[in-house]
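Numbered per my numbering, the sequence shown finishes at 591, counting up by one with no gaps.
For the record, the hints were derived by calculation from the structure and aren't laboratory data. The C-beta atom is built at its ideal place from N, Cα and C for all residues, glycine as well. Do not take every clue at face value.
[Said to hold, decoys possible] Simulated restraints, written as ranges between beta carbons of each label pair:
{"#": "1", "residue 1": "Asp213", "residue 2": "Asp186", "range": "50 to 58 Å"}
{"#": "2", "residue 1": "Asp186", "residue 2": "Gly300", "range": "26 to 34 Å"}
{"#": "3", "residue 1": "Asp186", "residue 2": "Asn465", "range": "38 to 46 Å"}
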Amino acid sequence: MLMAPANAAAVPPPKPTIKPAVTSPSQAELEARLEAAARQAEEPSKGAKFSSGSSGSADPKVIGGTETSISSAPWMAQLFYEDGENSFFCGGAVIAPTKILTAAHCVKGADWKNKGVVVTGTETLATDANHGGTVTGVWRQWNHPSYSDYTLDNDIAVLTLAYPVTAKPINITKSDDTTSYKPGTMATVYGWGRTSSTSNDISPTLKKATLPVNSDATCEDWQLGGEFIRNHMVCAGEPASGQDEGTETACNGDSGGPLVVGGKIVGVVSWGVENCVEEGAYSVYSKVSWYAGSVVPRVDDANITNDHRSDVLARRSASDGTLYYYASKGTSFAGRVSVGNYSNANVILQTDLNRDDYEDMIIRTKSGDVWWSHYVPSTEEWADTRIASGWGSRKQIIVPGDVTGDALPDLLSVDSAGVLWIYPGKGNGTFSPRIQVGSGWSQFNSVRGNGDFTGDGKTDLIARKSSTSEMFLYKGTGKAGTGAFAAKVKVRTWSGYNAFDAAGDVTGDGKADYLARTPGGTLYLYPGTGKATSEIFATRIKIGTGWQQYNIFG
């Protein structure tokens, strides 16, 4: 239990004086945009939008298969883009309330914020005006920075929606997953794409097809051999028969849709041969395990200013108590903005417990109560929920993200005896019963974490030993209990600093960064490198002086 005996006199923290800057076109405008895009989608091109591979015969693309309901795949999403003659649609999957995983060839070069819509919650393709789904605007877009239009390498992307949807998300597989890719493993692909190689007919209802995963050698030996990139791609299915009959495969319109094994996305529809059924051909997917370390930071990237860079919270000494946020500009910060008076707090942390992409705060007051302060988009107001009491003696409280591997953010604490506990989050500000990680954590005077320091898509911790100032990396494993973290690795000795902050990805490059302050008040940014060694951080960047005025960092 998080809660000690109830304290009737509990006083919540003040309401923050900031509101997220997210905006979206009116629902009427989004519906009009969808209608225009849907008219074009009824006659999808055979590849005009999609880039070809190096041989000129590859074409990003379900033929065959069976119809299915949205209840069997509640996370399926339709992506419609309206741009006159270049309008198109792709598939995608809800992997968090505001996040859609799709293919980079559906995203790169397009202006999804001003010309795109996403439809969720229906098996009916939105070319039908009575589709019954939820139409949502896009706020941000990201595609893998190394995506190639020529080779279709690194064909993976994430769209961030303007507002959370109610569709149940599906998790992506982990970076160390090898079981899902064993040859013969049965995987399921979903989509509304072309249903025939001889026409542009698309499926008005969601379809699925179950396909065997193939070995890399099989994929490489296929006639497009040189275009298949081991580790980055996976191919699936029986060899195409040369005609629609006897073939099950992804095809045009299915691009960006998920390939699912064991309830997790292991692939994203990327490419295949033109018209999809050429004898001996397979459908090719971006291998999600390879990209987990790139995708996860784009899913768990809530921040105050709603861009892709983490901001910093800093509170002045208790005599003043003003909390400020500094918006990240990459390697520097904009001028500070007051959040309110938080003189009654002794812990303030940044997180996103409900995964709605609006950054929350975890605040411990001097009475020992712990509060979850979170923004509610429907009311445009902040709400305070007391999640713990009697925590005044806790030595550390950490909200690093998803520790247990279920894609839901967790809360950790070190109790007065030095035992580290995980409180598994449920994604709504509540927690499952605590799980003990281990003892001996009293030796650390700082335990910080916010995201992935090692580039594998799993949440890590950095702890500083009081007696020696040594900094240790505890690499996350995605498991709970005593196996939650790998054996500690010494990464630095920092005797010249007296305050630290793991704010997240400050620079916006997808790697978790770290902040350290000297006793004299100089603040330095240490950009993350993604390496689990002494090279975990790049050369420090001086942010500025005068930071000794703050005694709490977020």
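Status of the hints after comparison with the structure:
Taking 50 to 58 Å as the suggested C-beta distance range, the pair Asp213 and Asp186 does not conform, at roughly 30 Å. The supplied range of 26 to 34 Å is met by Asp186 and Gly300, whose beta-carbon atoms lie about 32 Å from each other. Distance hint for Asp186 and Asn465: a CB-CB separation of about 40 Å, consistent with the stated range 38 to 46 Å.
Checked against the numbered hints given earlier, this structure breaks only hint 1.
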